[in-house]
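Engineer: Following the hints, put chain B in place on chain A, whose structure we already have.
Protein chains in written order, with this note's numbering: chain A, 1 to 490; chain B, 1 to 490.
Be aware that a few hints might be false.
As the list makes no split between identical chains, a pair holds if one copy fits it or if it spans any two.
What the hints assert, rightly or not - Listed next, the in silico DSSO-like pairs over lysine-lysine satisfying Cα-Cα at most 27 Å (straight line):
(1) Lys104 / Lys77
(2) Lys348 / Lys57
(3) Lys309 / Lys348
(4) Lys322 / Lys57
In case anyone wonders, no lab produced these hints; they're calculated from the structure.
2 protein chains.
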Amino acid sequence: MAKDFTTREDNYSQWYNDLVIKADLAENSAVRGCMVIKPYGYAIWEKMQQVLDKMFKDTGHVNAYFPLFIPKSFFSKEASHVEGFAKECAVVTHYRLKNDSEGKGVIVDPEAKLEEELIVRPTSETIIWDTYRNWIQSYRDLPLLINQWANVVRWEMRTRLFLRTAEFLWQEGHTAHATAEEAMEEAKRMLGVYTEFAEKYLALPVLQGVKSPNERFAGAIETFCIEAMMQDGKALQAGTSHFLGQNFAKAFDVQFLNKENKLDYVWATSWGVSTRLMGALIMTHSDDNGLVLPPKLAPYQVVIVPIYKKAEQLEQISIKAKEIKHNLEKLGLSVKYDDRDNFTPGWKFNEYEFKGFPVRLAIGPRDLENGTVEVARRDTLTKEIMSMEGLEEKVADLLEQIQGNLFDRALRFREANTRKVNSWEEFKEEIEKGGFLLAHWDGTPETEEKIKEETKATIRLIPLNPEPEPGKCVYTGKPSPHRVVFARSY
Amino acid sequence: MAKDFTTREDNYSQWYNDLVIKADLAENSAVRGCMVIKPYGYAIWEKMQQVLDKMFKDTGHVNAYFPLFIPKSFFSKEASHVEGFAKECAVVTHYRLKNDSEGKGVIVDPEAKLEEELIVRPTSETIIWDTYRNWIQSYRDLPLLINQWANVVRWEMRTRLFLRTAEFLWQEGHTAHATAEEAMEEAKRMLGVYTEFAEKYLALPVLQGVKSPNERFAGAIETFCIEAMMQDGKALQAGTSHFLGQNFAKAFDVQFLNKENKLDYVWATSWGVSTRLMGALIMTHSDDNGLVLPPKLAPYQVVIVPIYKKAEQLEQISIKAKEIKHNLEKLGLSVKYDDRDNFTPGWKFNEYEFKGFPVRLAIGPRDLENGTVEVARRDTLTKEIMSMEGLEEKVADLLEQIQGNLFDRALRFREANTRKVNSWEEFKEEIEKGGFLLAHWDGTPETEEKIKEETKATIRLIPLNPEPEPGKCVYTGKPSPHRVVFARSY
Numbered sequence: 001m002a003k004d005f006t007t008r009e010d011n012y013s014q015w016y017n018d019l020v021i022k023a024d025l026a027e028n029s030a031v032r033g034c035m036v037i038k039p040y041g042y043a044i045w046e047k048m049q050q051v052l053d054k055m056f057k058d059t060g061h062v063n064a065y066f067p068l069f070i071p072k073s074f075f076s077k078e079a080s081h082v083e084g085f086a087k088e089c090a091v092v093t094h095y096r097l098k099n100d101s102e103g104k105g106v107i108v109d110p111e112a113k114l115e116e117e118l119i120v121r122p123t124s125e126t127i128i129w130d131t132y133r134n135w136i137q138s139y140r141d142l143p144l145l146i147n148q149w150a151n152v153v154r155w156e157m158r159t160r161l162f163l164r165t166a167e168f169l170w171q172e173g174h175t176a177h178a179t180a181e182e183a184m185e186e187a188k189r190m191l192g193v194y195t196e197f198a199e200k201y202l203a204l205p206v207l208q209g210v211k212s213p214n215e216r217f218a219g220a221i222e223t224f225c226i227e228a229m230m231q232d233g234k235a236l237q238a239g240t241s242h243f244l245g246q247n248f249a250k251a252f253d254v255q256f257l258n259k260e261n262k263l264d265y266v267w268a269t270s271w272g273v274s275t276r277l278m279g280a281l282i283m284t285h286s287d288d289n290g291l292v293l294p295p296k297l298a299p300y301q302v303v304i305v306p307i308y309k310k311a312e313q314l315e316q317i318s319i320k321a322k323e324i325k326h327n328l329e330k331l332g333l334s335v336k337y338d339d340r341d342n343f344t345p346g347w348k349f350n351e352y353e354f355k356g357f358p359v360r361l362a363i364g365p366r367d368l369e370n371g372t373v374e375v376a377r378r379d380t381l382t383k384e385i386m387s388m389e390g391l392e393e394k395v396a397d398l399l400e401q402i403q404g405n406l407f408d409r410a411l412r413f414r415e416a417n418t419r420k421v422n423s424w425e426e427f428k429e430e431i432e433k434g435g436f437l438l439a440h441w442d443g444t445p446e447t448e449e450k451i452k453e454e455t456k457a458t459i460r461l462i463p464l465n466p467e468p469e470p471g472k473c474v475y476t477g478k479p480s481p482h483r484v485v486f487a488r489s490y
Numbered sequence: 001m002a003k004d005f006t007t008r009e010d011n012y013s014q015w016y017n018d019l020v021i022k023a024d025l026a027e028n029s030a031v032r033g034c035m036v037i038k039p040y041g042y043a044i045w046e047k048m049q050q051v052l053d054k055m056f057k058d059t060g061h062v063n064a065y066f067p068l069f070i071p072k073s074f075f076s077k078e079a080s081h082v083e084g085f086a087k088e089c090a091v092v093t094h095y096r097l098k099n100d101s102e103g104k105g106v107i108v109d110p111e112a113k114l115e116e117e118l119i120v121r122p123t124s125e126t127i128i129w130d131t132y133r134n135w136i137q138s139y140r141d142l143p144l145l146i147n148q149w150a151n152v153v154r155w156e157m158r159t160r161l162f163l164r165t166a167e168f169l170w171q172e173g174h175t176a177h178a179t180a181e182e183a184m185e186e187a188k189r190m191l192g193v194y195t196e197f198a199e200k201y202l203a204l205p206v207l208q209g210v211k212s213p214n215e216r217f218a219g220a221i222e223t224f225c226i227e228a229m230m231q232d233g234k235a236l237q238a239g240t241s242h243f244l245g246q247n248f249a250k251a252f253d254v255q256f257l258n259k260e261n262k263l264d265y266v267w268a269t270s271w272g273v274s275t276r277l278m279g280a281l282i283m284t285h286s287d288d289n290g291l292v293l294p295p296k297l298a299p300y301q302v303v304i305v306p307i308y309k310k311a312e313q314l315e316q317i318s319i320k321a322k323e324i325k326h327n328l329e330k331l332g333l334s335v336k337y338d339d340r341d342n343f344t345p346g347w348k349f350n351e352y353e354f355k356g357f358p359v360r361l362a363i364g365p366r367d368l369e370n371g372t373v374e375v376a377r378r379d380t381l382t383k384e385i386m387s388m389e390g391l392e393e394k395v396a397d398l399l400e401q402i403q404g405n406l407f408d409r410a411l412r413f414r415e416a417n418t419r420k421v422n423s424w425e426e427f428k429e430e431i432e433k434g435g436f437l438l439a440h441w442d443g444t445p446e447t448e449e450k451i452k453e454e455t456k457a458t459i460r461l462i463p464l465n466p467e468p469e470p471g472k473c474v475y476t477g478k479p480s481p482h483r484v485v486f487a488r489s490y
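Isolated chain A (complex conformation):
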């Protein structure tokens, strides 16, 4: 275990922060609220990008790139959007520096003031819909299925590495459709893509649902989301997909001739996931020994460590190790062979355990004699001696098992921490224990707001296809058609 590494029980929040830093994933930068994503962390993000990008393309989307800056006035065009986004943001007011005449370095040149301030994009609906106006004339130009990989900035006051940073990386899909039905179908399709990605790759079980009006994206008619449970019982929103109706088309005057040759406003969706997923990944699977990575997103899935005393031993082990590496790579696995001589095997074991390498193979002189390898799995911290016979297939199988086990473990945890509550007393008591509470709600923003004030819990989602179960709101006692999911959240 790394020195000075806090346990989850001791201080969950500190544990997370220490883990991100000590596993070389990210660190705070000299600019308040902005992080540096270090190579190991970035390699995981790159794997996420590759998988998602392929899923987007397989569902008919193409990538494009829109400007970083948005004229201030654009934010005023969609009434609810401005409330949600134009407030805490980075504002560019000048375009030149000059040497200080008093020799104090460089100063902002007051002569170089922009006529209209530019906002560093917090999200790109406005600039994109302003552009779409010229791209869409007729139903033949639709649908427009575009995604952008970009950095965005939201001036958060309290930041945490990956989970909430002033600048973060994300993808944002922005699609345009001829009918409300098609747009709604697209919003749901992308929720499906996010769900599949979260469950199959991140090994992150998620609930699908819609947000209550209070939690809806600023400018959306309906916000679909996936929510996951972290190990401290708090919820984390892992992705959102919005049905925007004709709001942005109206705000930016994007009309098209429909099949009946009549002018109509275009229907829109937008959807995004961000480097926040790195936070979800870390918090869901990792333990007091460090990072735990699902094999499908681990930069290296297997590490091989030689155990030796003499140079000749290393030489012989290396021949075998390289052969195993080569064979594993032929199966499409990524493998690191660490034969560095200035670190002990013990140091390496700790290092790779802390960095979450899913499988570690150790080979010593005795193993060579016996035709065996020591195989350690990171998820369970167990070891076993395996024959070199058919080793590669066994390791590939083991990685599949680990991927499945991480998902199952997280699912069991979520199920064990999801409870029905039926009274306000019970609600207040249970929310202190963390987890998801399934409770009745009267459907009003006022009630949701009051529950939040008293307990810090919000409605994480209204299930997509809720089981009908008439009941009474835990707070007001008014009638409710089905339960919704409450939790404290990141």
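Structural biologist: Same frame as chain A, now just chain B:
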């Protein structure tokens, strides 16, 4: 040919701009100087990124991500860097907007003024070296071989799509080394990577060299570059790699314990190419019929167009076309089959010609009978009838030929437009004809400056291993050890 498409002879600059817009590569945005990269243009950029990213990784580099914003004071730390970069840049001064009390939309909240202004990165040496200080303690931490894919902003007054925009996309490598030799080797290695990329993928013949002090990167000891010649005879800098010495290490106090256990400053390089390469690609190969793309970077290498009158004909052609598509894809080629019924074959031919698809296959009912296909190549605008027998291999060969032909054509053009000049009169006369002039120069910045003032030509590069040829400076008559390359440039 697209309507209203200017020829190169008529107006080269207009031809370029029209081409970029009409081929759906990019367009100007609502934000002055910032472009929108449209899906077709972005698909080409993505191909460039994939190839380069692999080349960087194959040479031992890893990716990371550093903040978009840089504190203003950082720019004052490296004396020559501030002169070169901190002037024309986007300055963030505030972090909040608020509703105007007079109901005029949103205004900048004067209370939310930053203590220190933030600069939107024009390049990242300063923030990265400020970060490296904590990453490097000993020679064991070196070399550090990191690349970043990012957007950067330089407040250009005169902008042109891809060639010079306020915001552009690029990659910037920033490496740290224990010795000057290693850093110099790295700078040269990356120049080699850029050269290979330009020549093998962009089909862009380039000259390798070093910049004169006037044209050096702000903060570099030596700037290596590759320069290409556009069809109007102007030079375009296609990539640079800088040996930064210990300048940034000293400015940001990055010291390490060397093998002799003594503190020393770290040696640095940086290197980058940008979306400007899109401009080079377009201007080198395209013609009065539109875009011409080298097969290795074309989003689609082959398009298949069916020629038919009746639905049954289309049905039969489609069976064959899909079979050909499938077989071409098995060879690793990307193929589009356009069976849209609302566009005529003639319209499609124009469209794909204008968008630079390298090879077009047309299949009609007669072709089915005869077992033939019409094969058109974009580079030469020639057509031939080929037997379907072994078609896929022939198409794959043809694509190789096209790739080679584009390179050869561009090389012949450059050679035909590169001339030795030996007197000032000759220089002034020849520079008006465009192209590269090989001339003697006395090695002083003053002379270079005067030549630039009088002719708008600059020294594009001093050849890497110049042929010794003592002579006299064309401008001053002072002695010169070898010729350098002069040109007007983008």
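Engineer: Each of the hints needs a verdict: does it hold here or not?
Structural biologist: Consistency of the hints with the structure:
Taking CA atoms no more than 27 Å apart as the test, Lys104 paired with Lys77 passes between copies only; the shortest distance there is 12 Å, against 41 Å inside one copy. With identical chains, the CA atoms of Lys348 and Lys57 are at most 27 Å apart between copies only, with a shortest distance of 23 Å across copies and 39 Å within one. Within a single copy, Lys309 and Lys348 get their C-alpha atoms as close as 15 Å, which meets the 27 Å cut-off; across copies the closest is 70 Å, which misses it. Proximity of Lys322 to Lys57 under the C-alpha cut-off of 27 Å is restricted to the inter-copy arrangement: shortest distance 20 Å between copies versus 36 Å within a copy.
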